[in-house]
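Residue numbers (our numbering), protein chains in the order written: chain G, 1 to 631; chain L, 1001 to 1102.
I should point out that these hints are in silico values taken from the structure, not numbers from a laboratory.
This structure is a prediction, so every number in the text was calculated from the model and none was measured.
Glycine residues also receive a C-beta, built at the ideal position from the N, C-alpha and C atoms.
Hints are not guaranteed to be accurate.
Using C-beta positions, here's what the derived DEER-type ranges look like [to be verified]:
1) A600/G <-> L1068/L: 32 to 42 Å
2) L1068/L <-> L587/G: 49 to 59 Å
3) T1002/L <-> L626/G: 39 to 49 Å
4) A1018/L <-> L626/G: 38 to 48 Å
5) V1089/L <-> M624/G: 13 to 23 Å
6) V618/G <-> E1038/L: 16 to 26 Å
7) P1006/L <-> M624/G: 44 to 54 Å
8) L626/G <-> L1083/L: 37 to 47 Å
9) L1083/L <-> G622/G: 37 to 47 Å
Incomplete in silico selection of chain L near chain G, CB under 7 Å [unchecked claim]:
10) L1019
11) V1024
12) L1041
13) D1059
14) R1088
15) G1094
16) S1098
17) L1100
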Amino acid sequence: MTALGTFFDGIGLGGEVLGLLWLVPALPLAAFLVLVLGGKWLPRRAIASLGAGSVGLAAVLAVVVAAVFLTDYPADGTFSQTLWTWLSSGGLQPTMTFHLDRLSLVMMLVCTGVGFLILVYAAGYMAEDPGYRRFFVYMDLFLFFMLVLVLADDLLLLFLGWEGVGLCSYLLIGFWYRDPANGLAARKAFIVTRVGDAAFIAGLLVLFTELGATGIGELMDAAAEHWPVGSVPAVAAAMLLLGGAVGKSAQLPLQVWLPDAMAGPTPVSALIHAATMVTAGVYLIARLLPLYELAPAVLTLIGAIGALTLVLAAFAAIGSHDIKRILAYSTISQVGYMIMALGVGAVSAAMFHLVSHAFFKALLFLCAGAVIQSLGGEHDVRRMGGLWRRRPLTFIGFLAGAASLAAVPLVTAGYYSKELILSEALASGGSAGRLLWLAGTVGALLTGMYAFRSVFMVFLGRPKTGITDRPGLSMRLPILVLAVLALMGGLIDMPTLLGGLDHVRNPEQSTQWLTEAISVAAGLLGILAAYVAFATGPGSLLPRWLEDFAGAGLGFDWVYDRLFVQPSLALVRVIRNDPVDQSLEGLGRAVGRAHRWLSATQTGRLRWYASATAMGGVLVVGAMMLLSVQS
Amino acid sequence: MTPIPPDHALYVAAALFALGLTGVLARRNLLFVLMSLEVMLNAAGLAFVAGGARWGQADGQIMFLLVLTLAAAEVAIGLALLLAVHLRVGSLDGDLLSRLRG
């Protein structure tokens, strides 16, 4: 590292390289623009190399920037690059500023690196799709917005990226829009995350009106200065921003959109709904941790949400049969681990798990995509089997991913990050810490069960269906790279890298080996249970009724349907004919009817008019006489 | 010679008016309608004169002169219209002229 730093300094690029930071998000944006405006005339090969190549270039640049940043460490640990003032309106002056610290550095590397691998994979996976260009357009746009989100120094700019990735998520879930079910899933994802985003906006407004700034650094300083711990505006802002994070990261109670989001193409599920976008909520809370330190009650709530989510989602994964839904529930569960880690202030553990999760979950999705494509679009694990002999690389990749997911000790990245989270949870002390640890351990047991249930059902046993063409090189290479990362990623010394960000209280080292052994045993026990269930029966780990209940998302969809969807639809049915408009329509109809009546009196006969006039005269005179008599 | 009581004059005027109105409403020939209108105008004129005699004022007679002028003008226009109608329709039946029916 130091050698690299001297190398850059030697060629006089030390400062200039960091100045290239803006290019990292700009490269995907440029590819997006070229593909949108001129992609029609490009051949498929050029579309793929432009779409994936730009991200690859961004990844290389990100690595270079990271190397320079870490060797030539700036004094205050951050690097900011202001491009221009976004808008200037009174006190509101958000700037287009990119901010680099160790947190955003890690996220930037994950987004570009994993993004590049997935796009390479997609170049092969989507080869037959008529929407090839559209796919890369959306993906590049997504990566641009994701990088804006990650690098934003201003909360409003972060929100721009936040909404942008939401838009791209919507577009990509509904990528195969000819099937109405996919459009429905896309709308569901958009609307459910919108609930969280509304809270995000409200939280942003609370921060801005109370503190008069939108820059994240300024906000955190001002909050620490003006607000005592537990004060009302701090708790309100923390709660509202948590709502945004919960929506985006698919945590309880807004987790219902993610399983349905699997309607999109598999590379989309890998990139957006596993590796990057759904972890944006974790990143947001990590960035704003100084604010959350001012609201300890909210931190406790975050821990509880994470713990509850990780157990429930893992349970739902056991009952699912669609391979992508299993992975979706698994994502919810693993993000739950990260959220739980944030709840005890362990940012480095959360980010470590975020990175290893990005590796192994992207790997699992890519392998699942290869499996699905090999079996001609089959999603149901009950109709798969015996693939290990004919798809050895996919099998090894999936096995590596599942092992990392189930935290198989010592050889996987997931083991190191998950153990770190569990020990940090326990170290946070008290019965709350022990409860979080217990939830995490139960989650580890369930994780081992569902992860290896799908491994056994898909790859072992006897083949049940025919098999089509094998995945091309562009699909096998990313699987190989990610498999290595999923296993070796634990060697990255993330806690040291992110050490300065932690707010962990009082770690108790003495009992650590025992609790660690228990949680490791839980994971292995889950794997064993999955094997026993597979070897002795149809692979179900639960009784039938419980399995149906778990597979249906634990009834959340049902409850939300009754509680929100149906009343909304009823309201829509009432107002679809616009009652207010109806009253005005009635006025119009009354005028029309009066017109018909009155025009009937216009007979065109002179004598009729004369007699009407005479009658009128008689009436008027009669009335006048009566009145004069009375007075 | 006892003066005619104003009541009687008014009764005659009312009777004339009613006759004229009946003519206007009942006759279809426009010429007769016009004549009935004249009768109604004269009924009104008679009522003015009777009123003027009752209060010994000249106003009633002045109003009658006005009514006469009005009647003359009305007849002039009315007869011209009548001729035009007869030229156009070939008949003086007022009920035939119903093109403005709603």
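Query raised in the report: Can you list which hints this structure breaks, lowest number first?
Result: 3, 4, 5, 7, 10, 12, 13 and 14
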